[in-house]
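There are 2 protein chains.
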Amino acid sequence: MRITLNDVAKRAGVSRNTVSLVVNGKYDKVKEETRERVEDVIQEMGYVPNFAARQLTGKRTKTLGVILPPLRNAFSFYNMSEMSSGISDAAGAQGYNLMFFVCNERFKQGLNIRLLKDSRIDGGLILDNGRLVIHNIEELERDEIPFVILNYRLERPKTNYVAIDKEHGSYLAVKHLIDLGHRRIGFINGSLPQHIEERFYGYRRALDEAGINLDPECVVTVTEGWVEKTGYEAADMLLELPQPPTSIVTSSDLIAIGVYKRLKEKGLRVPEDISVIGYDDIPIARYQDPPLTTIRQPYYDLGVKAVDILMRFIKNRDQKSVHESIKPILVNRASCSYPPR
Amino acid sequence: MRITLNDVAKRAGVSRNTVSLVVNGKYDKVKEETRERVEDVIQEMGYVPNFAARQLTGKRTKTLGVILPPLRNAFSFYNMSEMSSGISDAAGAQGYNLMFFVCNERFKQGLNIRLLKDSRIDGGLILDNGRLVIHNIEELERDEIPFVILNYRLERPKTNYVAIDKEHGSYLAVKHLIDLGHRRIGFINGSLPQHIEERFYGYRRALDEAGINLDPECVVTVTEGWVEKTGYEAADMLLELPQPPTSIVTSSDLIAIGVYKRLKEKGLRVPEDISVIGYDDIPIARYQDPPLTTIRQPYYDLGVKAVDILMRFIKNRDQKSVHESIKPILVNRASCSYPPR
DNA sequence: TGCGATTATATGAGCGTTCATATTTTAAGT
DNA sequence: ACTTAAAATATGAACGCTCATATAATCGCA
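Going down the list, the sequences are from chains A and B. Counting in my numbering, the first sequence runs from 48 upward without gaps. Counting in my numbering, the second sequence runs from 48 upward without gaps.
Hints were generated in silico from the structure; no laboratory data involved. Any given hint might turn out to be false.
Where chains are identical, the list cannot tell them apart; a pair therefore holds if satisfied intra-copy or between any two copies.
Cut-off 27 angstroms, straight-line C-alpha distance, at most; resulting in silico cross-link-like pairs (BS3-like, lysine-lysine) [as the list claims (entries may be wrong)]:
#1 K308 with K106
#2 K106 with K205
#3 K106 with K276
#4 K57 with K106
#5 K205 with K311
#6 K308 with K276
#7 K311 with K276
#8 K374 with K106
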């Protein structure tokens with residue numbers, strides 16, 4: 048049997064309430080001497096307040112729920128870790144604990160939404176891995192549970208989101224190449240449907256601005272498994288074009304690494320023969336040969352910002368919903384140069 | 048105000064108990080017709096049982112707590128993700144949810160142990176990142192909270208752990224090189240104190256078995272930041288030895304990649320001039336040039352096994368404590384060969 | 001010394017469930 | 001139809017806390 052408030056009270060010879068006051072740090076309401084006695088007993092008995100009981104009286108749980116997609120299909124581990132660190136630091140700074148709920152397949156049936164609804168948490172952060180969440184989002188809204196969606200733009204009047212501006216990311220990449228003089232830019236697009244779309248828009252916008260015609264042949268879209276192998280294969284498609292591109296924009300560093308590999312096999316040098324640009328700035332990007340120019344996605348900041356927004360809603364539910372973007376930045380290393388000839 | 052059992056009961060014109068029975072799937076105790084009516088109302092009102100209230104009555108929470116070290120200092124993201132996937136799959140298979148608690152600095156003061164003690168979870172999985180946990184472990188034992196420590200061998204009569212056998216891992220690596228004919232084997236050791244020790248033992252054992260004298264100069268130990276840079280620098284130290292090794296055993300793939308880099312700069316070919324062996328088998332290992340021979344650590348299995356053990360203890364507390372090892376395996380790719388000359 | 005004003009502590013109800021138990025309804029058997 | 005058993009449903013307490021409130025102890029000051 049676990050130690051309860053009552054056990055402590057009895058042992059210390061005081062009432063439940065007094066112990067409660069001590070536990071909750073209401074030191075001005077209890078005599079110094081009594082407080083010390085109670086604290087000693089708490090220490091000695093190893094008392095920890097029962098979360099459920101406290102919760103039942105309507106107290107804040109001081110914990111945030113984070114819903115993650117199944118880890119195996121998660122977007123880059125690195126991004127996810129960065130984001131989690133941001134969430135963790137920001138929540139910790141406000142004295143909040145975190146519960147990470149990892150979805151499994153049952154997510155579709157709404158079981159995970161329950162985890163946010165059953166009063167274990169003060170608010171939720173939902174990392175969307177596509178569209179899964181949409182099925183149950185109205186329930187959260189109806190129950191007025193504060194939540195923020197990360198990494199996906201869900202345009203609903205009562206829904207908050209923070210997302211990285213993928214459009215801007217690929218715009219930056221393409222613009223960089225155009226500035227270097229490239230006119231024929233291959234694009235290996237990938238990831239979630241929404242991201243694919245946004246990335247494509249960024250690509251197109253940069254091209255448009257420079258008055259370059261978009262050649263659909265230059266765009267390879269991969270809808271899953273965006274790892275080295277994907278890049279390796281997609282590079283092949285691009286290189287076999289009648290008029291191959293002088294540069295390749297990718298949608299992940301891993302893809303770029305796969306591209307590197309294929310290029311090397313074909314005897315093409317980066318960046319002399321062909322420029323390559325990554326996406327994510329994962330730790331190994333800088334150690335590639337040549338060091339990979341890439342787009343850094345501030346996932347840490349994404350996490351921090353999401354927590355900030357969520358906290359605002361926890362403290363005051365009647366806010367206007369927040370839709371925020373975080374801009375990626377270009378990390379210029381050595382894999383891009385002027386086009387050959 | 049959130050919907051309660053009572054609200055549902057009133058609306059459905061039945062008693063609390065009936066609704067409770069339906070919610071808990073005790074279908075044999077309630078008439079089909081009533082059940083359907085109640086289920087409709089639940090659906091309609093979006094009722095979700097209050098976790099705290101249910102918990103208060105002593106029910107299993109059907110959730111496991113996972114304590115993770117601060118993500119930023121975590122060991123390889125990849126390993127951690129693998130492990131989390133294992134945990135997640137195994138827990139999910141038994142209908143259990145997961146709460147990941149990410150430690151922050153306050154961990155030392157025992158605040159995170161509270162998360163395991165406050166009855167939110169049925170049991171805990173603690174990923175140790177060194178020694179942090181030790182301070183509070185007695186409290187968990189005293190309260191008879193089922194828990195398992197992952198990745199660290201904490202030898203206590205009432206404590207369970209599952210750890211990957213690092214000793215065996217480096218033994219395998221060194222043995223592999225010895226079998227190829229190497230006699231002078233550099234060793235870049237790293238990670239947590241306990242792991243460093245175990246790895247060293249494995250290294251020594253393989254050497255002993257082959258009757259090779261251990262030359263302390265060949266062992267470089269790095270106590271933090273085991274990333275590419277570390278490998279790059281450690282490689283330097285080894286190469287500058289009067290009699291440089293013909294092969295290098297590392298303690299992470301990232302280190303091995305750093306080693307590759309330095310070797311290439313020095314014009315040394317892998318494996319013709321020098322053999323290199325990694326540790327972890329992270330996804331990019333196979334895409335290195337040459338593909339990296341490495342030691343695969345079954346972190347996924349570690350997670351699964353930990354959950355299995357924990358479940359046993361949840362179901363029956365009076366078990367003998369379990370100390371288990373998981374053996375890494377050698378993944379033979381192309382970075383090791385016969386020594387030169 | 002005693003009275004009100006503080007300050008310190010104690011008490012009772014209630015939070016939303018789940019049990020154990022009590023009550024009602026239905027069905028079965030004579 | 002009438003008892004009895006079984007099935008279906010209802011009720012009250014309990015879980016361990018936190019509030020609002022009640023009581024007791026302490027103090028200042030006439």
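Structure-based check of each hint:
1. K308 with K106: Neither: 56 angstroms inside a copy, 55 angstroms across copies.
2. K106 with K205: within (24 angstroms within a copy, 35 angstroms between copies)
3. K106 with K276: Neither way: K106 and K276 sit 51 angstroms apart in one copy and 48 angstroms across, limit 27 angstroms.
4. K57 with K106: The answer is both: 24 angstroms in one copy and 26 angstroms across copies each meet 27 angstroms.
5. K205 with K311: neither (50 angstroms within a copy, 55 angstroms between copies)
6. K308 with K276: both (9 angstroms within a copy, 22 angstroms between copies)
7. K311 with K276: Classified as both: same-chain Cα gap 14 angstroms, cross-chain 24 angstroms, threshold 27 angstroms.
8. K374 with K106: Answer is neither: 37 angstroms inside a copy and 46 angstroms across each miss the 27 angstroms cutoff.
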